[in-house]
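Enquirer: Just so you know, the protein sequences line up as chains S and A, in that order. When we follow the working numbering, the leftmost residue of the first sequence carries the number 1, and every step to the right adds one. When we follow the working numbering, the leftmost residue of the second sequence carries the number 1, and every step to the right adds one.
It is worth saying that the hints were derived from the structure and are not from the lab. A portion of the hints provided could be inaccurate.
Dumping the calculated SDA-like pairs for lysine to any residue here, alpha-carbon to alpha-carbon at most 20 Å [to be verified]:
1) A:21 <-> A:149
2) A:69 <-> A:168
3) S:138 <-> S:157
4) S:25 <-> S:115
5) A:69 <-> A:190
6) A:69 <-> S:150
7) S:138 <-> S:163
8) S:138 <-> A:190
9) A:69 <-> S:75
10) A:69 <-> S:76
11) A:69 <-> S:52
12) A:69 <-> S:42
13) A:69 <-> A:20
14) A:69 <-> S:157
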Amino acid sequence: MHSPKPNPEARSSDDWPSELYRILKAADVRQMSYVPDAGHSELIRMFSADRDVTTNVLTTEEEGIAIAAGAWLGGQRSVVLMQSSGVGNCINMLSLSAIGRFPLLMLVTMRGEWAEFNPWQVPMSRATQPSLEAIGMKVMRAETAEDLVETVESAAALAYDSDQQIAVLIGQRLIGKKKW
Amino acid sequence: MPMQAQLDRRAAVATLLRSRKDTLIVSGLGSPTYDLHSVGEHDGNFYLWGAMGGAALIGLGLAQAQPGKRVIALTGDGEQLMGVGGLATIGVARPRNLDIVVIDNQHFGETGMQASHTGRGVDLTAIAAACGFAATGTVRTLEEVERLAAQIAQPADGPRLFVVKVLAENPPRSLPSRDAVFIKNRFRAHLGFAAA
Chain S
1 MHSPKPNPEA RSSDDWPSEL YRILKAADVR QMSYVPDAGH SELIRMFSAD
51 RDVTTNVLTT EEEGIAIAAG AWLGGQRSVV LMQSSGVGNC INMLSLSAIG
101 RFPLLMLVTM RGEWAEFNPW QVPMSRATQP SLEAIGMKVM RAETAEDLVE
151 TVESAAALAY DSDQQIAVLI GQRLIGKKKW
Chain A
1 MPMQAQLDRR AAVATLLRSR KDTLIVSGLG SPTYDLHSVG EHDGNFYLWG
51 AMGGAALIGL GLAQAQPGKR VIALTGDGEQ LMGVGGLATI GVARPRNLDI
101 VVIDNQHFGE TGMQASHTGR GVDLTAIAAA CGFAATGTVR TLEEVERLAA
151 QIAQPADGPR LFVVKVLAEN PPRSLPSRDA VFIKNRFRAH LGFAAA
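Using the sequences and the hints, build the whole thing.
Expert: Structure (structure tokens):
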């Protein structure tokens with residue numbers, strides 16, 4: 001029988017942005033910076049509505065790396081949201097996090113790897129993980145909502161409690177095909 | 001015809017920071033880091049030796065985390081030109097406790113004194129004003145730097161950017177530690193945060 005109600009299981013996996021928001025709030029994240037991205041739009045909306053979190057919209061992703069270092073100098077935890085194409089913009093600025101052992105958590109939605117319509121996204125998609133690892137970041141990846149929530153929880157603890165520089169790559173399969 | 005700068009950068013920075021009190025300062029790589037160190041070591045200094053383009057944005061994150069403290073990003077024209085998009089980000093964020101002070105010799109001093117964009121007509125104060133900064137200004141004499149120091153000590157309605165036009169010269173280097181972890185932990189301890 002057809003039910004108008006969404007399947008609870010499907011709803012929970014569709015609602016991973018709310019779960020990430022809950023985890024990042026529990027980790028006492030007080031600053032969020034972002035370059036707008038469709039995959040992150042729900043998380044951006046929730047943080048922007050939160051008066052306890054300072055949000056910064058960036059002109060380019062490396063600004064968020066510098067802001068996160070400044071936040072930590074001032075005693076606050078920061079998270080940076082971007083898509084894989086933005087990782088390429090960050091590489092030199094990530095020297096700051098690496099050499100200063102600044103806690104860093106980046107959540108990166110992947111483009112160019114799954115049902116991608118735009119071939120220009122593909123080269124940076126291929127370069128995302130190797131270039132992050134080359135500059136000294138730890139890279140974690142998630143392909144399902146359940147795995148993503150657990151991964152971000154672990155990454156937040158590693159970043160903020162153990163002074164690690166971590167990028168969590170959110171597989172494009174999880175975001176879903178962009179509709180045009 | 002543009003006025004030629006006569007101001008010595010070290011004298012300018014020393015005058016600007018003579019009564020800094022508990023101001024927190026992030027210095028951009030190259031000469032501004034040497035200038036800041038030459039004034040005297042301070043636990044509230046964070047020196048950059050890299051991360052070009054990042055000084056003002058580190059200042060933004062710091063200013064947002066410490067809204068009760070005045071924060072200065074002390075940088076050079078080359079460094080700020082690389083981070084020029086950051087002026088838009090700071091203009092939108094509108095912190096009331098962040099000042100960007102550009103020690104502008106109109107040249108890339110670290111790399112052989114090639115003329116920079118500010119020496120070819122680009123005006124960082126006009127860019128900052130267009131980004132919505134609360135105040136901007138350009139100073140060229142020690143007396144004007146003294147007035148600027150007094151202005152910076154006053155509360156602001158938003159971010160401010162000031163250009164200090166200085167002679168294009170490389171004074172003897174005054175080198176702080178290059179150990180970023182040490183500088184970071186010292187800075188955080190100064191604010192009362194435990195080292196990792």
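Enquirer: Which of the numbered hints are not met once you compare them with the structure shown?
Expert: 2, 4, 6, 8, 12, 14
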